[in-house]
Amino acid sequence: MRKTTHWLFIGLFSVIVGFSGNGFGATFDATVTQAMDTLRVTQGDSDFLVMTDAPFVMVDGVSALPWLDRAQIATGCTVGKGNLLFFQRPQDHAFRLMLFKRSGAAVIVSREGTGWISESVDLGPAAISQPAFWKKTDDYKAGRDLFTLAAVANAWAKGAPYDFLKSAELHNHICPGLTSGYLMAHYILNHYPLSKGQRYTVVSSPVWCKEDAFQVIMDCTPGKRGLVVKPLSDEQLAKITVAHPAGMVLIWDAQKKSGKGVALSFDFAPLKDLSPKDTPKAAMVLAALDHLDQPDRFVSTAAEFKLDEALYNGIIQAGTNPYALAGLVKP
3 MRKTTHWLFI GLFSVIVGFS GNGFGATFDA TVTQAMDTLR VTQGDSDFLV MTDAPFVMVD
63 GVSALPWLDR AQIATGCTVG KGNLLFFQRP QDHAFRLMLF KRSGAAVIVS REGTGWISES
123 VDLGPAAISQ PAFWKKTDDY KAGRDLFTLA AVANAWAKGA PYDFLKSAEL HNHICPGLTS
183 GYLMAHYILN HYPLSKGQRY TVVSSPVWCK EDAFQVIMDC TPGKRGLVVK PLSDEQLAKI
243 TVAHPAGMVL IWDAQKKSGK GVALSFDFAP LKDLSPKDTP KAAMVLAALD HLDQPDRFVS
303 TAAEFKLDEA LYNGIIQAGT NPYALAGLVK P
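In the numbering used here, the protein residues as written are 3 to 333.
A couple of the hints might just be wrong.
With a Cα cut of at most 16 Å, we get these calculated EDC-like pairs of lysine to aspartate or glutamate [said to hold, decoys possible]:
#1 Lys138 <-> Asp124
#2 Lys226 <-> Asp214
#3 Lys332 <-> Glu237
#4 Lys83 <-> Asp49
#5 Lys274 <-> Asp292
#6 Lys137 <-> Asp124
#7 Lys259 <-> Asp310
#8 Lys143 <-> Asp124
#9 Lys258 <-> Asp221
#10 Lys143 <-> Glu121
#11 Lys143 <-> Glu114
#12 Lys138 <-> Glu121
#13 Lys258 <-> Asp295
#14 Lys83 <-> Asp47
#15 Lys168 <-> Asp221
#16 Lys137 <-> Asp280
#17 Lys262 <-> Asp310
#18 Lys83 <-> Asp165
#19 Lys168 <-> Asp214
#20 Lys160 <-> Asp292
#21 Lys332 <-> Asp236
#22 Lys160 <-> Asp295
#23 Lys262 <-> Glu311
#24 Lys308 <-> Asp255
#25 Lys160 <-> Asp49
#26 Lys198 <-> Asp255
#27 Lys262 <-> Asp292
#28 Lys259 <-> Glu311
Just the calculated beta-carbon pair ranges, DEER-fashion [unchecked claim]:
#29 Lys198 <-> Ser65: 40 to 46 Å
#30 Ile318 <-> Lys279: 35 to 41 Å
#31 Ile119 <-> Tyr194: 45 to 51 Å
#32 Leu172 <-> Ala245: 25 to 31 Å
#33 Lys279 <-> Glu306: 33 to 39 Å
#34 Gln93 <-> Gly321: 32 to 38 Å
#35 Lys226 <-> Ala312: 18 to 24 Å
#36 Lys274 <-> Asp221: 26 to 32 Å
#37 Ser105 <-> Phe307: 49 to 55 Å
#38 Asp298 <-> Ala28: 52 to 58 Å
#39 Ala245 <-> Asp94: 38 to 44 Å
#40 Asp298 <-> Ala256: 26 to 32 Å
Don't read these hints as lab results, they were simulated from the structure.
Glycine is no exception: its CB is placed at the ideal position from the N, C-alpha and C atoms.
Model the full assembly from the supplied sequences, consistent with the hints where possible.
What follows is the structure, given as structure tokens:
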């Protein structure tokens with residue numbers, strides 16, 4: 003009798019949990035559907051984007067991926083269609099799902115407590131170009147995520163290259179620093195294509211947001227030893243003879259044990275000149291989109307030098323100044 007009662011209790015509990023989960027899912031589905039109604043979009047609309055941090059965060063202690071799955075079914079937005087984008091966040095960050103219309107109208111769905119909160123907000127270029135807009139972000143549950151959502155969604159709306167959007171996914175936002183990395187990566191690919199047996203090693207020194215673009219566009223990552231990150235002191239920077247130093251790319255042939263080093267310059271002045279002074283950063287990045295295919299406008303080769311095994315290993319090793327080893331510093 004006790005065993006029968008025990009299994010009846012487990013069965014009843016499972017049914018309750020099942021209905022509760024279905025109800026919770028139905029509430030989410032209804033929230034997403036209502037957001038679509040608010041934006042007046044339907045499945046398959048070409049001017050409709052979904053952005054979310056679901057691949058990276060948790061909901062109630064488990065992966066948020068099931069909610070991403072439900073969102074894809076409800077909206078019809080997918081990676082393959084180019085209208086589903088992600089932004090990286092730590093696992094304990096709040097779940098966000100933004101539905102965005104190319105005009106700038108948006109609805110952001112956030113996990114709040116045990117329910118879902120929807121917020122309608124105008125994230126169009128005109129709105130995010132106003133400094134006053136960025137003074138009220140704390141009024142929204144999405145808070146600081148508004149910067150990420152606004153910049154990436156508007157870049158998508160303007161037809162930004164997909165590899166640029168994927169760089170923003172890793173970096174979790176778009177900024178002039180990430181843009182500089184995108185331009186530098188394509189400058190390298192354009193001017194220094196690899197021959198058989200060669201590989202790139204990017205030496206990021208000095209360090210800023212650009213590093214994340216190299217990882218996405220060139221597959222140069224620290225874990226694969228394709229990206230070496232070396233911060234420099236103010237004193238070290240002052241001695242560099244390269245104008246606007248932005249790092250190096252080493253083109254190395256491990257079999258021949260020889261290669262070429264290239265010191266690069268990046269001039270932020272023409273990038274900043276693309277938008278009026280005091281333009282909010284989220285809007286300033288949009289001005290650069292029409293120039294992403296013109297890396298030579300911003301990036302230049304400051305110096306080239308031959309690499310042997312000793313110099314190559316010296317540059318990538320910890321504790322060395324790559325510019326000093328390449329002979330690019332003042333005495």
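Do the hints match the structure? See the list:
1. Restraint check for Lys138 and Asp124: satisfied, since their Cα atoms lie roughly 13 Å apart, inside the 16 Å limit.
2. With a C-alpha separation of about 14 Å, the suggested pair Lys226 and Asp214 falls inside the 16 Å cut-off, and the hint holds.
3. About 11 Å separates the Cα atoms of Lys332 and Glu237, which keeps this hinted pair within 16 Å; it holds.
4. For the proposed pair Lys83 and Asp49, the alpha carbon gap of about 11 Å is at most 16 Å, so the pair holds.
5. Distance restraint check for Lys274 and Asp292: the Cα-Cα separation of roughly 14 Å lies within the 16 Å cut-off, and the hinted pair is therefore satisfied.
6. As the CA atoms of Lys137 and Asp124 are separated by approximately 15 Å, the hinted pair is consistent with the 16 Å bound.
7. Of the supplied pair hints, the one linking Lys259 and Asp310 holds, its CA atoms being roughly 6 Å apart against a limit of 16 Å.
8. Taking the CA atoms of Lys143 and Asp124, the gap is near 15 Å; set against the 16 Å cutoff, the hint holds.
9. A C-alpha spacing of about 22 Å is found between Lys258 and Asp221, which places the hinted pair above 16 Å, so the restraint is violated.
10. The hinted pair formed by Lys143 and Glu121 meets the criterion: a straight-line CA distance of about 8 Å does not exceed 16 Å.
11. Of the pairs offered as hints, the one joining Lys143 and Glu114 holds, with about 9 Å between alpha carbons and a cut-off of 16 Å not exceeded.
12. For the hint linking Lys138 to Glu121, the alpha-carbon distance of about 14 Å falls within 16 Å, and the restraint holds.
13. At most 16 Å may separate the alpha-carbon atoms for a hinted pair to count; Lys258 and Asp295 exceed this at roughly 34 Å.
14. For a cut-off of 16 Å, the pair hint linking Lys83 to Asp47 stands: about 11 Å separates their Cα positions.
15. Among the hinted pairs, Lys168 with Asp221 is consistent with the structure: their alpha-carbon atoms are about 12 Å apart, no more than 16 Å.
16. Restraint check: the Cα-Cα separation between Lys137 and Asp280 comes to about 14 Å, which is no more than 16 Å; the hinted pair holds.
17. The hinted pair formed by Lys262 and Asp310 meets the criterion: a straight-line CA distance of about 9 Å does not exceed 16 Å.
18. The straight-line distance between the Cα atoms of Lys83 and Asp165 is roughly 14 Å, inside the 16 Å bound, and the hint therefore holds.
19. With a C-alpha separation of about 10 Å, the suggested pair Lys168 and Asp214 falls inside the 16 Å cut-off, and the hint holds.
20. Only pairs whose Cα atoms come within 16 Å are accepted, and Lys160 paired with Asp292 is accepted, the gap being roughly 9 Å.
21. For the given pair, Lys332 sits about 14 Å from Asp236 by alpha-carbon distance, which is consistent with the 16 Å threshold.
22. Taking the CA atoms of Lys160 and Asp295, the gap is near 14 Å; set against the 16 Å cutoff, the hint holds.
23. At most 16 Å may separate the alpha-carbon atoms for a hinted pair to count; Lys262 and Glu311 meet this at roughly 11 Å.
24. As the CA atoms of Lys308 and Asp255 are separated by approximately 12 Å, the hinted pair is consistent with the 16 Å bound.
25. Taking the CA atoms of Lys160 and Asp49, the gap is about 11 Å. The hint holds against a cut of 16 Å.
26. For the proposed pair Lys198 and Asp255, the alpha carbon gap of about 9 Å is at most 16 Å, so the pair holds.
27. In summary, the hint linking Lys262 to Asp292 is not supported, as the alpha carbons are separated by about 32 Å, beyond the 16 Å threshold.
28. About 6 Å separates the Cα atoms of Lys259 and Glu311, which keeps this hinted pair within 16 Å; it holds.
29. About 41 Å separates the C-beta atoms of Lys198 and Ser65, a value consistent with the hinted range of 40 to 46 Å.
30. The hinted range of 35 to 41 Å is satisfied by Ile318 and Lys279, whose Cβ atoms lie roughly 40 Å apart.
31. At about 49 Å, the CB distance of Ile119 to Tyr194 agrees with the hint of 45 to 51 Å.
32. Our hint of 25 to 31 Å for Leu172 and Ala245 holds, since their Cβ atoms are close to 29 Å apart.
33. Checking the proposed 33 to 39 Å range against Lys279 and Glu306 shows it holds: the Cβ atoms sit about 36 Å from each other.
34. The supplied range of 32 to 38 Å is met by Gln93 and Gly321, whose beta-carbon atoms lie about 33 Å from each other.
35. The hint said 18 to 24 Å for the Cβ distance between Lys226 and Ala312, and at roughly 23 Å that hint holds.
36. For Lys274 paired with Asp221, a C-beta distance near 30 Å keeps the hint of 26 to 32 Å intact.
37. For Ser105 and Phe307, the hinted distance range of 49 to 55 Å is satisfied, since their beta carbons lie about 51 Å from each other.
38. The beta-carbon spacing between Asp298 and Ala28, approximately 54 Å, falls within the hinted interval of 52 to 58 Å.
39. The beta-carbon spacing between Ala245 and Asp94, approximately 43 Å, falls within the hinted interval of 38 to 44 Å.
40. Taking 26 to 32 Å as the suggested C-beta distance range, the pair Asp298 and Ala256 conforms, at roughly 30 Å.
Of the hints listed earlier, those the structure fails to meet are numbers 9, 13 and 27, in rising order.
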